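This is what each chain is made of:
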Amino acid sequence: MAAGYSRRAFLSLGAAVASGAVLSACGGGSASSGGSGKLKFWDMPWGQANFTTAAQKLTEAYQPANGLPGASYQTIQWANFTQTFASAIASRTGPAVSTGGGFQAFQYAEQGAIAYADTLINQFKQDGTYDDFLPGQVEAMKTDRGYAAVPWLLDFRVWWCRKSLLDEAGAKVPTNWDELLTACKALAAKGLYGYGTGAGAGNFVGNQGLHLMMINNGGGLFDADGKVDVVTPANIEAMTFVQELVKIKAVDPASVSYTADNVLTQWKSKKFAMGITTAGLDADAGETDGDLQVMSPLTGPGGQKGGLVFQNNIMMYANTPSQEGSEAFLSYYIKNMKTLWQQNVVPGLPILKSIIALPEFQAQKQKAKIIAEWQPVAKTFAAQSTKLFGSLAAVDASQPLVQFAQSILSGSDPKASLTTLQSTLQAIVK
Amino acid sequence: MTLTIPATTTLAEPKRRPFSRAKLTLLILVAPSVVLLILINAYPLVYAAWQSVHDGSLISTGDLVGLSNYTDTLTDPAFWRAVEFTAIFTVVGVFGSWAVGMGLALLLRTRTPGRGVFKVLLLLPWVVPIVVSSTAWNWLVATPQSPLPSLAHALGFGTPLFLADPTLAKITVCVFKVWVSFPFMMMMTSAALSSVDDSVYEASSMDGATRWQQFTRITLPMISRSTYISWILMTIFCVNDFPTIFLLTGGGPIDATTSLVVLSYRTVFQNFQVGPGVAIAFLMTVTLVIVSVLLYRQIRRAHV
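Chains as they are written, first to last, in this note's numbering: chain A, 1 to 430; chain B, 1 to 304.
Bound conformation, chain B alone (with noise of 0.2 angstroms):
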């Protein structure tokens, strides 16, 4: 006896409806979550933009003035300092407590007594509110008195001025900025490394690879996805950080340390310029978003 298929016959695939009950059940389960974050992120994405291309005040929209809130921003110099200090503050922050992350990661991954103890110490930075840790370093270094001025001085290094001279200023911020970040990093690598199997470095030292081979052959490529998100992370932390500058300096002295968020937080709410001020943030907000997308493109290109 044989059995003969038809060549024609195919398996027959349910009808497809476009709304099935099925579907409209999903559909109606996630329309709350759908309308909250319209109300949450859409609506005032929308206004903003609104508010950006008109003349208002704090309470009131005002008149339409077009792109002429844009148009005065880019051609303002005090934007373009505010994007350069952006710029250094972004990639000391980023890069900076990545290194110390990174060398605290890899120190730690050794098996030594009080390991947890130096851990949880070293997360203090981060978890300590940035209002008590810009108080410290203020008291750390604010007068000529203060202890850091002090040792200064009497290591022969004269009195340096850490929030009052402008390039000091820079500097101090920027450290405090990569004091405060480098736990995150080094909590990221550290779950990074922890994936990394132990038996990849003992057969690249049974080849004879040299601990610094080890480092960028083995190491850097295996947590590179890692190493790319905390960097994508620690971007947005960076560029919208308004704490940390603000408590510190409030973006002095003379504009020296005013990044893009504390101009615009400024304009808005010391100047009451709100036009200006949303347009900034409008730009910051696009300027992140390009910024993620390259790097989201390096993390589908990482080796896994």
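Just chain A, with the same shape it has in the complex (with noise of 0.2 angstroms):
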């Protein structure tokens, strides 16, 4: 060869070329370690850039004691986030430590890929952190075989209103699902809705919505035994409700295919008078004129008050470089993650009572009604079960939801949508 390059030469170039390119791909998946021995924790952007920067900074910040690793922060992006952890634990090369989907801690226990968290836990019941967290929240983590995850933050879901639309309306705020239906009437009058809501494009705060008002009436997807019962006259009490606001048009018919987007232009262009979204709907909207205001719980036909929550944990993965670390890590984080809070850079709520009781979260008054008010009330997805469960990863956010939403909203039979729910969710429910 010209270059100077026998043929044998460029044929042996070749192979060890072939030959690194395919035992890399064979290698197997090393231990969550992020680089220089560091524990690798998976954060999901709970907020907007700023928060990913402070819990970046949260998370360089930890000083491992001695032996023990030090921990490196990666954002994983919503979309598609359950593609990025499956293969990222398939392969072996997933995180120590991460926040992610609300169930997915409890989905992932169930395959065996989860550390569990008893030992920290003890820990927390013996320093006195256990007694900082809001009252049941960290035993919603446990399940047969010890405690999935560690809560961290509350997501809820609540009825908001805006003031100046229900007094443009000459409608009082309401109280109970009667004050409801003549609030929206008032409000359709004047060509506004009094049920915002959106069942489009990844948007599924419809579905939600319409759990919470199952919830509300002493219902829910879910039994005591955390098996699937849709079709229960509560339900079909509160489906026919909405319903009712249906046809009077109090839902927006375009609802159906909003996303959240389309459903926060509707509500800064004044469209939407009330309805169900997440604790964040002021500031998502740049409003902190008080405009825009948190109702208290509803009472609903049969004198119960119910909300949903998520109650997002941070877990720990079985495939760790240490289990120690993982644990050391974890209990740093929870018990300095005040921080965030204290930036403001969380839209969600907090769940440790110290954080609560900062001056910096009692400004958002909003946020306080949610946990003063809301908490007290609220229901996990897993409605009349007391168990979370893997499961639920499944059916929240899936496809028999939505289009059941889709359904109710559009303003199909209550009760047939019911069951064509309960066949369905049976179907992913195993």
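For the record, the hints were derived by calculation from the structure and aren't laboratory data. There could be a bad hint or two in this list.
[Said to hold, decoys possible] Label-pair ranges, simulated between beta-carbon atoms:
#1 B:I38 <-> A:K125: 50 to 56 angstroms
#2 B:S292 <-> A:D223: 46 to 52 angstroms
#3 A:G112 <-> B:H153: 55 to 61 angstroms
#4 A:D118 <-> B:I236: 48 to 54 angstroms
[What the hints assert, rightly or not] Only pairs whose alpha carbons sit at most 27 angstroms apart, straight line, appear in this in silico DSSO-like list of lysine-lysine:
#5 B:K170 <-> A:K249
#6 A:K249 <-> A:K227
#7 A:K172 <-> A:K247
#8 A:K353 <-> A:K387
#9 A:K270 <-> A:K190
#10 A:K247 <-> B:K23
No experiment lies behind these values; they were computed from the predicted model shown. Here a beta-carbon is modelled for each residue, glycine too, at the ideal position from N, C-alpha and C.
Both chains are sitting in their own frames, so use the hints and assemble them into the complex.
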């Protein structure tokens, strides 16, 4: 060869490169260390960019005890996060510790990928941290085999209203379903919507709102044993009530296709006067003048109150370079995460009483109201079941729920829609 | 002097050896590519086939269930609704974009000033990332106050719910697909048209052929090979098109715009039913291969 390479040398080089590629492709997964022997902590973007910056700073400030690994920070985007985690865990290249979907820990615990947090919870019980959690929140993480995760953030679905529009329509802020119906009629007469929601592409608040209405009426998607139990008198009554709202034009007819952005647009353009959405509506809309207000939990026809809360949690994985190291880091994160609320970079609500008591948090009146009024009556996505379980990950954001929400909001028969939901959910939950 | 050649004499052929040095060299050279192809294509395909006959999760294979994932899929009404919409979406996507692309390619053949600028502008729907264009379309049609519903209302057509009404949502998604895809068809057709000699048209004009006759008897046959290739490619693009549908409607409302690829994705990654989801993907793949083979046969028959 002109360049001085013999054919044999060239072939050897090619074979070496190919072998290298094959060997690296076939190489086994490494333990979850993020380089330099650090634990990999994967975190979701729980707020804007300033959240990620603050959470990364908090992680990098971690000083492990002698012999334990430090921690590296990695943000995982919500888009396709299930694939990201699944492929990483399957290839044993996933994190040692992570936040994630609300039921991800339970899902992976059933598949043997989670390291239970019992030792850490026992430490919390000894050092008093356990008592700092809001009542029942840690125990909600308990499965038959142990604590699947440690909760750190509460994500509520609550009723909001725009006070100025209610005043304009001559309606008062409702406190029960009858008053809600009356207010919606008054708003509809003005061309405004009293049940603002959306069930379009990637928007699950629509079905979560319907679930809230079921829970508000003493129902929900699951019975006390965690079995799918949808076609119940309480649920039929709740969905029939929503149908009534659809009939009186309290629901925007385009809601079935609204993305989260479309819903926010309708709130900002003052077409939605009331509706069920997340705790951060006022911040998302860029309005802090008090016109957007969190309503008190409504009293249902049977006298019940109810809300819907997702307990976001931090989980540890079985594939870790050091289980003791994972526990030490998670303990550090929980005990120091108040800085995220002090900097006001988390739209979600705190789970520790000490953070709730912070003046920075109490200054956010709508969020403080949610903790004060909604937290005591809220139920988890498991509804009447007191335990969370892996199947919830498949039900939450599943297609049957999206289709159900679109059917109800389009005016379909409630009982028929619930019956279809029962059969389709049963096919998913095994 | 005469030269006699024995009748039995033949030219000596080099002795064939099964593995000459040259062949061995070629085999070794091609081996890395073959290994890579196997790793990239065959391994996932075989693994997916394995998953489709198991009842597994995203991180484990699960139990062998035979062909039950396939039988369940083929007896599921949601699957057949997705087949129906995929067929509509593909037919409209392929022939709609071809018709628009062909029309524009013919228009751009005329020597008009600024033709190059128009060509670039017309390529924009294809060039712009689908996330951006779907967001723009959502802004155009999503709410009753959006520009297109407002315009329709002003013109006395009521307030159409372009994405919330099942029929209108199907139409909107198909039109969006045509809008995104026509530049590709326009480029393919423009390239094919440039290879047709002007003298053919001149001769046919002298013979008294009309414009329509020139189009149907000269243009279409002479670009048929390119047309079939573009149809095959666009069929594959349409059947496999996930973002166009998922970003605009998510497959709704009430499954109205759920195509097979969207159904497969949702089954695997939202319902966590890996086996049935992969079975749907396999059925799609088989169908696509059959359609592609049929269209390739047409190419062979096509006039060059």
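Can you list which hints this structure breaks, lowest number first? 6, 10
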